[in-house]
Amino acid sequence: MKEYDKLIFEISRPGRKGYELPADNYGHDALADIPAGLMRGEAAELPEVSELDVVRHYTNLSNKNFGVDTGFYPLGSCTMKYNPKINEEVAAMPEFAEIHPLQEAETAQGALELYYNLQQALSSLAGLEEFTLNPYAGAHGELTGLMVMSQYHISRGDTRRTKVIVPDTAHGTNPASAMVAGLEVVEVKSKPNGSIDVEDLKPLLDDTVAGIMMTNPNTLGMFEVEILEIAKLVHDAGGLLYYDGANFNPLLGKVRPGDMGFDIMHINLHKTFSTPHGGGGPGSGPVGVAKHLVDLLPNPRVKKDAEGKFYVTGDDRSLGSVSTFFGNFGVMMKAYAYILTLGRNNIRNVGPMATLNANYIKESLKDAYKLPIEGPCKHEFVFDGLLDKSNGVTTLNVAKRLLDYGFHAPTIYFPLLFHESMMIEPTETESKETLDEFIDVMHRVAREAAEDPEVVKRAPVTTAISHPDETGAAKNPILSYRSLKKAKA
Amino acid sequence: MSNRFIPHTDSDIAAMLKRIGVATVDDLYADIPEEVVFKGEYALPEGMSEIELRRFFKELGAKNRRLTVFAGGGAYDHYSPSVIPHLLERSEFYTAYTPYQPEISQGTLQYIFEYQSMISELTGMESANASMYDGATATAEVMFMMVASSRKKNRVLVSSTISERVLEVVRTYARFHGVELTEIPECDGVTDLKAIPAELAKGDVAGVIVPTPNRYGIIEDYTGLADMVHEAKALLGINADPSALAVLRTPAEWGADIACGDGQTLGMPLQFGGPYLGYIACSNSMLRKMPGRVVGATVDASGKRCYVLTLQAREQHIRRQKATSNICSNQSLMALYATIYVALMGNDGLREVNRLSCDGAHYLAGRLVESGKFRLAFDKPFLKEFVVKTDLDVKKINRRLLDAGIMGGLDLGNGMIEFAVTEKRTREEIDKLVTLMLQED
Numbered sequence: 097m098k099e100y101d102k103l104i105f106e107i108s109r110p111g112r113k114g115y116e117l118p119a120d121n122y123g124h125d126a127l128a129d130i131p132a133g134l135m136r137g138e139a140a141e142l143p144e145v146s147e148l149d150v151v152r153h154y155t156n157l158s159n160k161n162f163g164v165d166t167g168f169y170p171l172g173s174c175t176m177k178y179n180p181k182i183n184e185e186v187a188a189m190p191e192f193a194e195i196h197p198l199q200e201a202e203t204a205q206g207a208l209e210l211y212y213n214l215q216q217a218l219s220s221l222a223g224l225e226e227f228t229l230n231p232y233a234g235a236h237g238e239l240t241g242l243m244v245m246s247q248y249h250i251s252r253g254d255t256r257r258t259k260v261i262v263p264d265t266a267h268g269t270n271p272a273s274a275m276v277a278g279l280e281v282v283e284v285k286s287k288p289n290g291s292i293d294v295e296d297l298k299p300l301l302d303d304t305v306a307g308i309m310m311t312n313p314n315t316l317g318m319f320e321v322e323i324l325e326i327a328k329l330v331h332d333a334g335g336l337l338y339y340d341g342a343n344f345n346p347l348l349g350k351v352r353p354g355d356m357g358f359d360i361m362h363i364n365l366h367k368t369f370s371t372p373h374g375g376g377g378p379g380s381g382p383v384g385v386a387k388h389l390v391d392l393l394p395n396p397r398v399k400k401d402a403e404g405k406f407y408v409t410g411d412d413r414s415l416g417s418v419s420t421f422f423g424n425f426g427v428m429m430k431a432y433a434y435i436l437t438l439g440r441n442n443i444r445n446v447g448p449m450a451t452l453n454a455n456y457i458k459e460s461l462k463d464a465y466k467l468p469i470e471g472p473c474k475h476e477f478v479f480d481g482l483l484d485k486s487n488g489v490t491t492l493n494v495a496k497r498l499l500d501y502g503f504h505a506p507t508i509y510f511p512l513l514f515h516e517s518m519m520i521e522p523t524e525t526e527s528k529e530t531l532d533e534f535i536d537v538m539h540r541v542a543r544e545a546a547e548d549p550e551v552v553k554r555a556p557v558t559t560a561i562s563h564p565d566e567t568g569a570a571k572n573p574i575l576s577y578r579s580l581k582k583a584k585a
Numbered sequence: 323m324s325n326r327f328i329p330h331t332d333s334d335i336a337a338m339l340k341r342i343g344v345a346t347v348d349d350l351y352a353d354i355p356e357e358v359v360f361k362g363e364y365a366l367p368e369g370m371s372e373i374e375l376r377r378f379f380k381e382l383g384a385k386n387r388r389l390t391v392f393a394g395g396g397a398y399d400h401y402s403p404s405v406i407p408h409l410l411e412r413s414e415f416y417t418a419y420t421p422y423q424p425e426i427s428q429g430t431l432q433y434i435f436e437y438q439s440m441i442s443e444l445t446g447m448e449s450a451n452a453s454m455y456d457g458a459t460a461t462a463e464v465m466f467m468m469v470a471s472s473r474k475k476n477r478v479l480v481s482s483t484i485s486e487r488v489l490e491v492v493r494t495y496a497r498f499h500g501v502e503l504t505e506i507p508e509c510d511g512v513t514d515l516k517a518i519p520a521e522l523a524k525g526d527v528a529g530v531i532v533p534t535p536n537r538y539g540i541i542e543d544y545t546g547l548a549d550m551v552h553e554a555k556a557l558l559g560i561n562a563d564p565s566a567l568a569v570l571r572t573p574a575e576w577g578a579d580i581a582c583g584d585g586q587t588l589g590m591p592l593q594f595g596g597p598y599l600g601y602i603a604c605s606n607s608m609l610r611k612m613p614g615r616v617v618g619a620t621v622d623a624s625g626k627r628c629y630v631l632t633l634q635a636r637e638q639h640i641r642r643q644k645a646t647s648n649i650c651s652n653q654s655l656m657a658l659y660a661t662i663y664v665a666l667m668g669n670d671g672l673r674e675v676n677r678l679s680c681d682g683a684h685y686l687a688g689r690l691v692e693s694g695k696f697r698l699a700f701d702k703p704f705l706k707e708f709v710v711k712t713d714l715d716v717k718k719i720n721r722r723l724l725d726a727g728i729m730g731g732l733d734l735g736n737g738m739i740e741f742a743v744t745e746k747r748t749r750e751e752i753d754k755l756v757t758l759m760l761q762e763d
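So the protein lines, in turn, are chains A and B. Counting the first sequence from 1 gives a position; the working numbering is that position plus 96. Counting the second sequence from 1 gives a position; the working numbering is that position plus 322.
It should be emphasised that the hints constitute simulated quantities derived from the structure, not laboratory data.
Covered by chain B, according to a simulated footprint, are these stretches of chain A (three or more residues, beta-carbon under 8 Å):
| no. | segment |
| --- | --- |
| 1 | 139-151 |
| 2 | 192-200 |
| 3 | 206-215 |
| 4 | 233-240 |
| 5 | 276-282 |
| 6 | 445-453 |
| 7 | 494-506 |
Pairwise CB distance ranges (calculated):
| no. | chain 1 | residue 1 | chain 2 | residue 2 | range |
| --- | --- | --- | --- | --- | --- |
| 8 | A | Val294 | B | Asp348 | 24 to 34 Å |
| 9 | B | Ser624 | A | Thr255 | 51 to 61 Å |
| 10 | B | Asp763 | A | Arg256 | 56 to 66 Å |
| 11 | A | His539 | B | Thr331 | 16 to 26 Å |
| 12 | A | Asp101 | B | Arg722 | 53 to 63 Å |
| 13 | B | Ala365 | A | Leu117 | 47 to 57 Å |
| 14 | A | His539 | B | Asp348 | 25 to 35 Å |
| 15 | A | Lys581 | B | Ala365 | 55 to 65 Å |
| 16 | A | Val294 | B | Asp733 | 48 to 58 Å |
| 17 | A | Gly488 | B | Gly625 | 20 to 30 Å |
Given the structure is predicted, the values throughout are model-derived calculations rather than measurements. Just so it is clear, CB atoms sit at the ideal spot from N, CA and C, and this is done for glycine as well.
Sequences and hints are given; from them, build the entire structure.
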């Protein structure tokens with residue numbers, strides 16, 4: 097394919113246009129009446145391109161991308177499962193796309209019913225009382241959930257509880273969300289197998305603790321078997337348990353967070369419930385809570401009256417608002433379509449098959465990659481680089497070499513527990529044949545590392561670009577076309 | 323086991339279990355305490371085929387009513403070009419993750435670079451990030467940027483003329499994070515600028531946030547504000563409608579340090595409130611305090627121009643609790659939406675959109691005022707959104723409109739109605755609206 101490297105600004109030609117609008121028949125230029133001091137001086141420099149220019153340009157850009165539809169995407173902790181096409185179709189339906197968020201409830205019953213029923217479905221799947229679907233993403237859900245935690249203590253007059261316990265293996269968003277929520281982070285140590293060290297936890301549990309944030313299975317893909325003891329300890333100390341739903345996928349069909357003692361959780365609809373990641377968003381991060389926390393959920397709330405009509409309301413006890421309207425509604429539609437497609441029986445296979453796939457890869461590759469923790473994992477697991485590191489081939493090298501073979505790389509250098517972490521999550525939507533191909537390529541890369549290490553270190557060699565200068569990019573940031581032109585001049 | 327999203331046949335499962343060395347899939351869950359294993363039924367219906375699912379959504383959709391929209395309040399019924407959804411459905415875009423592997427993500431990285439460039443052009447600011455969740459959370463993050471940029475100051479002033487929904491979110495974020503928020507009162511529909519010096523004089527103000535246009539659609543005059551704020555060693559943030567910035571004085575021209583707002587006006591479908599996007603742009607001196615993803619241009623080993631995620635040392639996955647924000651994603655696909663929209667419209671198209679909306683809004687306002695039953699609530703310049711006051715029963719009017727398939731203006735209480743007119747509305751629709759509004763019951 098011809099190499100295409102233009103910016104949309106660079107194919108702009110003065111006088112060309114990509115739009116047509118109706119003629120203005122109001123008979124008066126009201127814009128000209130606005131005082132000049134309130135109007136823009138210098139015009140914005142925006143592209144002037146035809147419709148076909150735009151279509152070709154972005155089609156060309158799409159060809160430089162790799163998505164789940166392109167190939168296997170074993171990115172640990174991201175749950176890159178297949179994004180069903182029917183979900184896209186229903187989300188685009190004009191019956192929903194053209195509904196204004198402030199329409200009278202009676203004219204938006206379909207949208208409100210979907211919101212209400214999706215939150216009920218998630219409640220059932222999570223073993224919690226009720227969800228808000230307003231948060232926009234996983235990290236936004238974490239923030240909202242921590243606000244619920246904080247609000248709970250404040251509402252009881254227990255204002256000293258400002259600390260939140262976070263395992264040292266947690267996703268980076270956990271401590272960052274706690275910071276934004278105004279809570280102080282206290283780290284609890286992990287045992288060598290990655291699970292929380294209960295003996296290290298106990299002395300931390302005093303009356304300044306608001307709660308603990310955990311994910312289970314943890315970031316190593318291992319189930320926290322002492323969860324019931326941890327829940328009891330935290331609850332006895334007056335704290336709440338927050339469940340980071342990033343790792344919820346393997347539990348579908350097997351375990352519900354509410355049944356493990358969690359009081360609050362968020363779900364990433366773009367992980368467990370198949371909505372696309374969109375190159376970084378939009379996602380959706382619904383937050384569910386146990387019964388005693390329901391009134392604290394953010395406004396607006398969607399409820400159902402005795403006659404089965406849906407309505408929008410707010411609660412004075414609520415923590416406040418975290419979104420302009422109802423969150424990323426279009427994303428919710430896709431998740432709901434997915435849940436309805438699988439239904440109550442097939443959804444039970446999601447977790448088990450995701451777990452089967454992960455264990456299959458793990459057991460097939462531990463002869464070439466260092467497996468730090470033995471035993472069954474759940475949806476994902478971590479290798480600590482190659483078994484044989486004598487040639488200096490790193491996890492980064494292996495990851496880049498995988499790109500040459502047409503696979504996306506695993507998550508690398510996370511969790512921080514090991515120097516050469518390589519976190520692999522296949523998801524349940526991948527077939528045995530795809531996993532076998534991946535296993536075969538991983539073995540081949542390990543052989544290359546042993547026999548011809550430079551091949552691996554030079555990788556990737558087949559991609560559109562190779563070894564970008566990231567240090568230079570950060571040292572001298574060029575973040576717009578205007579500054580790019582300036583830098584060239 | 324097998325369904326169309328889960329491909330495992332019985333023989334696959336048997337072969338895989340054999341390799342793993344366990345007898346059953348349940349054995350992989352043997353470490354889970356028996357008490358927590360879920361043995362009940364999920365409260366979900368039976369799975370649906372695609373035929374049934376389509377029927378289901380068609381029936382559900384029929385419970386919504388598609389209306390002719392004359393309301394805004396943060397979501398505007400602008401024209402959305404046909405090209406955009408087609409390009410957004412390129413699955414190389416929408417099934418990709420955050421571009422962590424630049425070698426196979428140049429598509430995403432380049433459109434984000436283009437998006438940042440366009441936001442910079444529209445706001446006049448030097449640099450923009452890769453987008454935020456929405457305008458309200460972006461504004462709350464601007465408040466945090468202000469506090470983080472000053473050493474000891476922990477107070478932010480926000481105009482009470484900013485959208486009510488934005489203000490709600492800013493209040494929530496401020497309360498939990500521990501930022502002291504002072505709301506500047508309004509005077510005749512605009513920010514009472516005279517109230518600001520006394521607050522600034524207290525010496526504890528990190529920044530001031532004001533809107534354009536404001537919650538009543540008014541284009542406020544911020545002459546002198548930036549100097550006032552900067553003399554007090556504080557920062558000025560302006561929450562602005564990016565579409566309107568094609569014609570209105572930009573945050574940069576007002577002397578702002580940071581701009582933010584909601585990108586829905588860049589042609590995004592109403593979609594019952596989302597997904598839209600939030601944007602943040604700032605002067606380069608603030609760059610390292612800015613939250614969110616940022617894409618920068620660089621070169622690869624062979625000197626080829628390319629794009630990478632950059633300035634990541636600010637972010638949660640590196641800095642954890644010391645990060646500038648907890649934000650991990652952006653609204654990437656909506657940033658692509660905005661990018662394609664702006665590329666198609668260009669400067670002239672955006673000007674025309676504003677001209678049509680502005681002319682329509684003024685036509686509607688004129689017709690209502692000349693009826694003698696309505697008057698403009700404020701004698702101030704506006705673009706596409708405005709408030710009228712009436713002694714008539716607003717609820718009755720809106721009910722009548724609804725019966726005719728029209729979403730009238732937002733009822734602000736006290737006989738105040740807020741209308742928004744976009745380029746999608748026609749003169750005939752406006753005439754019909756006015757006729758219905760003036761009808762006696």
